[in-house]
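*Asks:* Residues per chain, in single letters:
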Amino acid sequence: MKVLVAVKRVIDYNVKVRVKPDNTGVDLANVKMAMNPFCEIAVEEAVRLKEKGVASEIVVVSIGPKACQEQIRTALALGADRGIHIETDEEVQSLEAAKLLKSVVEKEQPKLVILGKQSIDSDNNQTGQMLAALTGMGQGTFASEVVVEGEKVTVTREVDGGLITVSLGLPAVVTTDLRLNEPRYASLPNIMKAKKKPLESMSPADLGVDIAQRLTTLRVEAPAARKGGIKVADVAELVDKLKNEAKVI
Amino acid sequence: MSILVIAEHDNSSLKQATLNVVAAAKAVGGDVDVLVAGENVGAVAEAAAKAEGVNKVLVADNAAYGHFLGENLAELVAEVGKDYGHIFTSAGTTGKDFMPRVAALLDVAQISDIMAVESEDTFVRPIYAGNAIATVKSSDKIKVITVRPTAFDPVAAEGGSASVENLDIVKDAGLSSFVSEEKAKSDRPDLASAGVVVSGGRGMQNGENFKMLEQVADVLGAAVGASRAAVDAGFVPNDMQVGQTGKIVAPQLYIAVGISGAIQHLAGMGDSKVIVAINKDEEAPIFQVADYGLVADLFEAIPQLEEELKKVV
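Taken in order, these protein sequences are the chains called C and U. Oh and the first sequence: position 237 is 237 in my numbering, straight run, nothing missing. Oh and the second sequence: position 17 is 17 in my numbering, straight run, nothing missing.
This is chain C alone, in the form it adopts within the complex:
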């Protein structure tokens, strides 16, 4: 069966972000970018399904500027078979991303679509659920285990208070939690091979999707800084401060 994986180019998770002085956004100039960590887990899961003989082809798709092709190539180096780049320099919000992915789903007809549960930049946690709604598929969100059997997929989900396991008919959408797997590293030979794998480029207009924004960001600010605290000498002083100064115990 065919598996579609969506990946996003985001600021590297180790970077301490800086808000622009004019409060229009976060400064992304000259900042290290990478594949969103949850998307890496999605790619890894698809590759494992292929290694188990469950998946026959892995198609990876990314939406964004030209530079997104780096992240598609990374996914190809990790084991995806071909890439689709939906190129736009505009900001694409979750609902519009889901609509673009829906067009790709209609064209490619995958049995399983795997996305990360959230991107670490916008922290929305929406796209997978929206895509499932638009395509009329079932959704297995925040997955920590995925088992495909015949025409069903069983997904163990991380929820408040524990785990819940659901069964979905295929085709279905799955979004990954951090504990689903540990992504592999791409080897140099695989990185070289990935350069020769097919990568198709198209625009939102080609897919007939209007990506006009519904949400306007009025301003972006740095969070209120916490006041620097003090170091205490020992446990007795700590408890005394909590009791008599902070009055929280």
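Check each hint, because a few of them may be wrong.
Stated by the list, open to error - So, partial list: chain U residues that the calculated Cβ filter (under 10 Å) puts toward chain C: (1) Ala109; (2) Phe178; (3) Asp271.
Said to hold, decoys possible - Straight line, CA to CA, 35 Å or less: simulated DSBU-like cross-link-like pairs of lysine-lysine: (4) Lys50/U x Lys171/U; (5) Lys247/C x Lys56/U; (6) Lys137/U x Lys26/U; (7) Lys231/C x Lys273/U; (8) Lys310/U x Lys111/C; (9) Lys227/C x Lys310/U; (10) Lys310/U x Lys183/U; (11) Lys243/C x Lys311/U; (12) Lys152/C x Lys171/U; (13) Lys211/U x Lys227/C; (14) Lys310/U x Lys50/C; (15) Lys32/C x Lys273/U.
Hints listed in this document are in silico derivations from the structure and should not be mistaken for laboratory results. Idealized CB from N, CA, C, for every residue including glycine.
With chain C fixed as given, assemble chain U onto it according to the hints.
*Replies:* Leaving out everything else, chain U in the frame of chain C:
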């Protein structure tokens, strides 16, 4: 314009987060109706009707909603919510699962995890793991929103007298079915709403050592949390994780033990009123946000802390 709040509950009791969400809805202004969807939810509906400021409680009681499957809930909420100006729910895992599906069915954007209401169409939310705060304005006719419960003071649980109305709407999308669940058992307060949280990180070294933290937590009536490192190392189950990808907490007192303080962890506890860090590495980033820092070996400090606390609490 009225606001619909989708209650968070476990079929037997109303989660406190719902009271925080009602408070957020009241900040928008207008009548607040609460939808309780689940199975055998009489007690939950009763509790919701008593909450301060609730106009009407709508009840959808059916096996189709018993396990909170996102596909079924989304169809119900989209149907009931289409005549409202706003649809709110808490940003717990249930809300995060069904709410974007509701938004897509209604063809509107969703605003996730809001921390403040500026006006009926303008909301404040964290991005980049809480390292930036965005103010966003929605041009959609229906505002579909998940709320960070810790950012709003709850409305009173008693004193209201809302009418209760049963809905005869059964939506079973037939796309998913419940198989099983595995609940983490704990006698301690719920992590997300506890007044005091004691958390351990990689420095705890193993799961057995978390007992030391549990003893301190018992003295304080606190919940026990963990960093991702502690969860990934298998010390404790993942539902104890505090951070960008785990739970967001904002207790009166947060005690971080053997936690370095990565960006992703700070995203989950940076709004705590008082932060205490106990770590042997005095360069650990956690000390930059801690109100009180103790540079010490936790294996010596924690038993001492338990003894000292017993004297004063």
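*Asks:* Look at each hint and say if it fits the structure.
*Replies:* Structure-based check of each hint:
no.	hint	result
1	Ala109	holds (4 Å)
2	Phe178	holds (6 Å)
3	Asp271	holds (9 Å)
4	Lys50/U x Lys171/U	holds (27 Å)
5	Lys247/C x Lys56/U	violated (39 Å)
6	Lys137/U x Lys26/U	holds (18 Å)
7	Lys231/C x Lys273/U	holds (17 Å)
8	Lys310/U x Lys111/C	violated (58 Å)
9	Lys227/C x Lys310/U	holds (29 Å)
10	Lys310/U x Lys183/U	holds (31 Å)
11	Lys243/C x Lys311/U	holds (11 Å)
12	Lys152/C x Lys171/U	holds (21 Å)
13	Lys211/U x Lys227/C	holds (32 Å)
14	Lys310/U x Lys50/C	violated (56 Å)
15	Lys32/C x Lys273/U	holds (33 Å)
Violated hints, listed in ascending order, are 5, 8 and 14; each of the other numbered hints is respected by the structure.
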